[in-house]
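The listed protein sequences derive, respectively, from chains D and S.
Residues 1 to 137 in the numbering used here are what the first sequence spells out, letter by letter.
Residues 138 to 282 in the numbering used here are what the second sequence spells out, letter by letter.
Quick caveat, the hints were computed from the structure, so don't treat them as lab data.
We treat Cβ as the ideally placed atom computed from N, Cα and C, and that holds for glycine.
Hints may contain errors.
Claimed, not checked - Restraint-style ranges between C-beta atoms, simulated for each label pair:
1) S:Gly225 / D:Gln14: 20 to 28 Å
2) S:Val212 / D:Arg28: 28 to 36 Å
3) D:Lys79 / S:Ser175: 40 to 48 Å
4) D:Ile60 / S:Asp272: 44 to 52 Å
5) D:Gln14 / S:Gln243: 38 to 46 Å
6) S:Ile214 / D:Asp56: 27 to 35 Å
7) S:Glu232 / D:Ser75: 18 to 26 Å
8) D:Arg120 / S:Gln155: 41 to 49 Å
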Amino acid sequence: MMKNKEKAMQVTDQELVENEELERTRERQCLVPKTDIYESDDMIVILADIPGVAQDALDITLDKHILAIDAYNTSSENKDFSITYSEYVPGDYHRKFRLAEEIDVDKIEAIVADGVLELRLPKAEEAKIKKIPIKAG
Amino acid sequence: MYRRYRLPTIWREMDQLQREMNRLMGYSSGKRPLSPLSFPAINIWTNEDEMILSAELPGMKVDDIDLNITADALVLIGKRSPQQLEEGARYHRRERNHGEFSRSIQLPFMVDPGKAKAVFKNGILEISLVRAEADKPKKIAVKAG
Numbered sequence: 001m002m003k004n005k006e007k008a009m010q011v012t013d014q015e016l017v018e019n020e021e022l023e024r025t026r027e028r029q030c031l032v033p034k035t036d037i038y039e040s041d042d043m044i045v046i047l048a049d050i051p052g053v054a055q056d057a058l059d060i061t062l063d064k065h066i067l068a069i070d071a072y073n074t075s076s077e078n079k080d081f082s083i084t085y086s087e088y089v090p091g092d093y094h095r096k097f098r099l100a101e102e103i104d105v106d107k108i109e110a111i112v113a114d115g116v117l118e119l120r121l122p123k124a125e126e127a128k129i130k131k132i133p134i135k136a137g
Numbered sequence: 138m139y140r141r142y143r144l145p146t147i148w149r150e151m152d153q154l155q156r157e158m159n160r161l162m163g164y165s166s167g168k169r170p171l172s173p174l175s176f177p178a179i180n181i182w183t184n185e186d187e188m189i190l191s192a193e194l195p196g197m198k199v200d201d202i203d204l205n206i207t208a209d210a211l212v213l214i215g216k217r218s219p220q221q222l223e224e225g226a227r228y229h230r231r232e233r234n235h236g237e238f239s240r241s242i243q244l245p246f247m248v249d250p251g252k253a254k255a256v257f258k259n260g261i262l263e264i265s266l267v268r269a270e271a272d273k274p275k276k277i278a279v280k281a282g
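Looking at chain D on its own, in the form it has when it is part of the complex:
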């Protein structure tokens, strides 16, 4: 029981914040998307708000437990218009997470709908917590 609990404690995902000041080659601002992460028995699901990004303008990589999301905003500027009031700046999105869990890389699913990215990361077989049935003696 104790062991199970310890294992569950390790399963939190860590966000990686990049400190090095790399210069971007693209002119657009780079934003950190608001993200939800939840875990069920057999998968980890990541939901990220990426308004303005089309389905084909996304890069998702998983390299040694580090998941990187890169989304490029494809919305065009309004030509012949000038901005009179602004609360948001259309930008690209970038965020990285370190996943504690083993992921079955071949079964990862990524769905983009209405400006939300949904990443479904199924846990690898060995990482699933197995329930052991107890038989009455």
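Go by the hints and put chain S onto chain D.
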């Protein structure tokens, strides 16, 4: 004649400057954007005869958005539903908001509500509005006497 801007120009300009500063500080690389004070965040683009108003509404469906336009104001009402979790699932991180919202926006000039068009794409609602004929500035031909 109805005057839209009651604030003296200097205050309006300072307001604009402050907004600009907040935007620059919040959005500079590597930092997360400031949450806008009101949801959804909107932008307004204008030219002489038209206006484009866009709002960031990620994760919403067309049916969840209710839009009302009058000659000088626009009301945006909607609801973002929370994700339905499977049994036994738990959150590690929760940053995305959900719930109901309502925003009224005073438009920078009078529009013709009948000519409004709205498109929802990739989580961005874009509303195109046309300036009302009566509100358009008139050019007066000067005749030589």
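Please write out, lowest number first, the hints stated earlier that are contradicted by the structure. Checked against the structure, the only hint that fails is number 3, while the rest are satisfied.
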